[in-house]
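Let the sequences and hints guide you as you build the complete structure.
The number in the working numbering is simply the position in the sequence shown, starting from 1, with 1 added.
I should point out that these hints are in silico values taken from the structure, not numbers from a laboratory.
Every residue gets a Cβ at the ideal spot worked out from N, C-alpha and C, and that includes glycine.
Among the hints, a few may not be true.
Estimated spans, in silico, between C-beta atoms of each pair [stated by the list, open to error]:
1. Ile25 x Ser245: 19 to 27 Å
2. Leu112 x Gln227: 26 to 34 Å
3. Arg103 x Gly43: 45 to 53 Å
4. Val46 x Leu112: 35 to 43 Å
5. Glu50 x Pro107: 39 to 47 Å
6. Gly207 x Arg269: 18 to 26 Å
7. Ala258 x Ala111: 26 to 34 Å
8. Ala111 x Ala143: 18 to 26 Å
9. Gly207 x Pro107: 37 to 45 Å
10. Arg269 x Ala148: 24 to 32 Å
11. Gly190 x Ser245: 41 to 49 Å
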Amino acid sequence: MAAVMERIETLAPVVRPAPQAPRIEGRGTPESAWRHCKHLGGLPVTTLESLVPRGSRAVVVAPHPDDEVLGAGGLMAQLAQGGRELLIVPVTDGTASHPGSRRWPPERLALERPLETVKALALLGLSRIRLHRLGLPDGDIASMEDALALQLAPQLRPGDVVITTWRLDGHPDHEATGRACAKACAQTGARLIEMPVWAWHWARPGDPRLPWSRACRLPLSPELEQRKRLAVHAFTSQTRPDPSSEVGCVLPASALARVLRPFEVFFR
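Shown next as structure tokens:
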């Protein structure tokens, strides 16, 4: 279904030590509340060319398989439509998503989650995309942050646009990946763009902890919105309940509603 190959990119500002991540628990802020957020609704509209100038390579670095689609599935589909160069880098294989599960033990997740990624990307029109899996330990990226930066830097080149999870997203793996990408970008002259994924869960409308001044939104056509919806649901291990696990459903409907919008948000 997919020709899977390898490579990466980046860009980065100076990094401050991150405060302790907000805990991701409960149902979080409902999407109905975000729909009435003036800050979110008033974000400046951006375009694909503004985020990833023509001639630049996009490199999407995802802490876990599915983060690239949750945060930037629409942007990647637009890149595919334009025949643009794109590399996707899953940092882990997502084997820690179901602790204690009999249905989804780590061994099965290590096989299934990369396959889910391939299916999801095909639904976005990315069936022949370059993919470079790093295989770092899920749940422990923070302890390997410097090593991750060292793995990323040689793959990047000046002019690349690195898209990754926000350095204050609220999930330790997301934050460590963002910091590692920032370091690699600073070394290589690549440009960094961050995407919030779990921030919509713990933050509140107008929350001053979100960098609204750096935020912009990329509109998605109804067709791309539907493609992204189908791609997200290709991650069946994450979107379907697991009665054998205390986790239940990793991405319940309440969480999906916050990322399946007619636009995507990025922090420049």
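Each hint tested on the structure:
1. Judged by the Cβ atoms, the range 19 to 27 Å given for Ile25 and Ser245 holds: they are separated by roughly 21 Å.
2. For Leu112 and Gln227, the Cβ-Cβ distance of about 28 Å falls inside the hinted range of 26 to 34 Å, so the restraint holds.
3. A hinted range of 45 to 53 Å holds for the C-beta pair Arg103 and Gly43, which are about 47 Å apart.
4. Distance hint for Val46 and Leu112: a CB-CB separation of about 40 Å, consistent with the stated range 35 to 43 Å.
5. For Glu50 paired with Pro107, a C-beta distance near 41 Å keeps the hint of 39 to 47 Å intact.
6. In this structure the supplied range 18 to 26 Å holds for Gly207 paired with Arg269, their Cβ-Cβ distance being about 20 Å.
7. Evaluation of the 26 to 34 Å hint for Ala258 and Ala111 yields a pass: the beta carbon distance comes to about 29 Å.
8. The hint said 18 to 26 Å for the Cβ distance between Ala111 and Ala143, and at roughly 20 Å that hint holds.
9. For the hinted restraint 37 to 45 Å between Gly207 and Pro107, the CB-CB distance of approximately 39 Å keeps it satisfied.
10. Under the hint 24 to 32 Å, the C-beta atoms of Arg269 and Ala148, about 27 Å apart, fit the expected range.
11. Here the CB-CB span from Gly190 to Ser245 is close to 48 Å, well matched to the stated 41 to 49 Å.
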